[in-house]
Structures are given as C-alpha cells and as structure tokens.
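Just need the whole structure built from these sequences, with the hints factored in.
There are 2 protein chains.
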Amino acid sequence: MQQQALTEAVYYILLSLQHPLHGYGIIQNVDELSKGRVKLAAGTLYGALNTLESKGWIDALPENPESRKKEYVLTASGKTVLKEELLRLSELVENGKKLLEGN
Amino acid sequence: MQQQALTEAVYYILLSLQHPLHGYGIIQNVDELSKGRVKLAAGTLYGALNTLESKGWIDALPENPESRKKEYVLTASGKTVLKEELLRLSELVENGKKLLEGN
DNA sequence: CACGTTATATCGACATCCGATATATCGTGA
DNA sequence: TCACGATATATCGGATGTCGATATAACGTG
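These protein sequence lines map, in sequence, to chains A and B. Heads up: take any position in the first sequence, counting from 1, add 746, and you land on the working numbering. Heads up: take any position in the second sequence, counting from 1, add 746, and you land on the working numbering.
No lab work stands behind these hints: they were computed from the structure.
Where chains are identical, the list cannot tell them apart; a pair therefore holds if satisfied intra-copy or between any two copies.
Result set (DSSO-like, lysine-lysine): computed pairs, CA atoms no more than 27 Å apart in a straight line: (1) LYS815 <-> LYS785; (2) LYS801 <-> LYS844; (3) LYS785 <-> LYS801; (4) LYS816 <-> LYS801; (5) LYS785 <-> LYS844; (6) LYS785 <-> LYS829.
Next up, the structure:
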C-alpha cells in the first residue's frame with residue numbers, strides 16, 4: 747500500500763545517525779534514548795544498516811584501518827524520510843489522543 | 747526483544763474498534779482517520795482481525811443472520827494495549843522532535 | 001591471563017503486510 | 001432488467017523485518 751511507515755528499529759537507527767556513529771554505538775544510543783525500552787538485537791541492527799545503505803538513507807564512512815568500528819551517517823535523503831516519519835507518528839499520536847481521551 | 751510495538755495497521759484497527767464495527771467499515775474508518783494515507787489491504791485486515799481475536803484484544807460480536815457484516819469490538823485487554831501503544835508513540839515523537847529540532 | 005565488554009556478521013524461524021485472487025451481495029443508473 | 005461499482009469476507013504466496021542464537025575476534029582490566 748504505502749511504504750512510508752518505518753519500524754521502530756529503523757526510526758531509532760536513523761535518529762541516531764544524525765552524527766556519525768558505528769553499529770554497536772547505535773545499539774547503546776537507542777537503549778539510552780528509549781530509557782532501556784528498546785534493545786536492538788544484533789541481527790536487526792546489522793541487517794538494517796545494510797538495507798538502509800542500499801536505499802541511500804545512510805552512508806558508510808571511509809573505514810579507518812586503525813579501528814574495528816564501521817561508522818555510518820544519515821544522508822539528505824535519509825533526513826527527509828526521518829522528518830516525514832515524525833509527521834506520520836505525530837498523526838498517530840493525535841488520532842490516538844483524540845479517540846482515547848476520556849478513557 | 748520486546749513485543750510492545752504495534753504496526754500501524756493494528757494500531758488503527760484497535761483505535762477503530764472502541765465501538766463495534768465490521769471489517770469493511772474498519773477499512774473505511776482508517777482511510778478517513780488518516781485522511782487517505784492509510785488504506786488497509788483486505789489481506790492485512792482480515793488476517794489481523796483473526797490474530798487480534800486470538801490474542802484476546804478484540805471480541806467478535808454474535809453474528810446477525812440478517813447481515814453479511816461481522817462486527818468486532820475492543821476488549822478491556824485491548825484497550826490497555828492501545829493506551830500503552832499511545833505512550834510508546836508519544837515517546838517516539840518526543841525523541842524525534844528533540845533530536846530533529848533546528849533542522 | 002581469564003573474563004566481560006566491545007564489535008561486526010550471518011543464520012533460520014517467525015510474524016506481518018501486501019497485492020492478487022476469489023466469491024457473493026447490494027444499490028443504482030441507464 | 002441488467003450491468004457495474006461498491007460493499008463484504010476470505011485465502012494465498014511473496015517479501016520484508018525482527019528476533020535470538022551462533023560465530024569470531026579484539027580490547028580492557030583486575
């Protein structure tokens with residue numbers, strides 16, 4: 747139908763990549779951002795990073811031979827997707843508040 | 747990891763079932779609620795209704811032999827899930843606004 | 001030097017969503 | 001009246017996303 751809806755994992759990954767960060771750092775950042783609620787499984791994260799890169803929403807930074815870390819960063823296209831997602835989520839919250847109020 | 751996150755389809759279905767409604771009515775209601783953005787595919791809807799009923803989040807109302815319509819309604823348990831989901835979505839929006847502001 | 005953490009990666013299992021397809025009734029305008 | 005679009009439910013296969021498990025290895029520290 748539509749292909750706008752991001753999963754929670756992807757949303758938090760993109761939010762984390764407004765500044766360059768590596769995979770494991772994303773897991774920790776998301777954990778912190780969500781106050782421990784969202785703990786990304788390794789399979790989810792590394793799979794998603796590949797998918798997001800092939801979609802052009804994130805870029806892999808040149809690898810640093812002195813480090814094991816592979817850093818990624820949000821692209822302009824990724825930032826657009828992220829902003830649209832925030833609008834979509836806001837709509838969900840508004841509708842939820844409207845229809846649940848008084849309960 | 748967690749099993750809290752609802753999909754957009756399920757969220758809107760639950761929101762629609764605070765009052766009794768049948769499947770096709772849900773499709774129309776969600777279309778309207780989302781201003782045409784979310785058009786549930788039939789396979790998504792009828793599959794989800796079965797899943798949600800088996801989870802005890804919605805109940806099927808007694809069938810009316812005079813009508814083709816099968817009505818469903820939210821259970822107390824379903825309402826709890828829906829409220830928790832609204833909190834989760836609010837957290838996503840807050841985090842998104844915080845990290846995207848100034849962009 | 002052992003052990004927990006950091007770090008990346010792949011795998012199979014499972015759930016969800018989608019579009020397509022099927023079937024049938026209802027309402028309405030030509 | 002009859003054709004056609006809307007209403008209404010249902011199932012199917014394919015694609016995708018997430019998970020936990022598993023694997024591998026380097027790093028830091030007591």
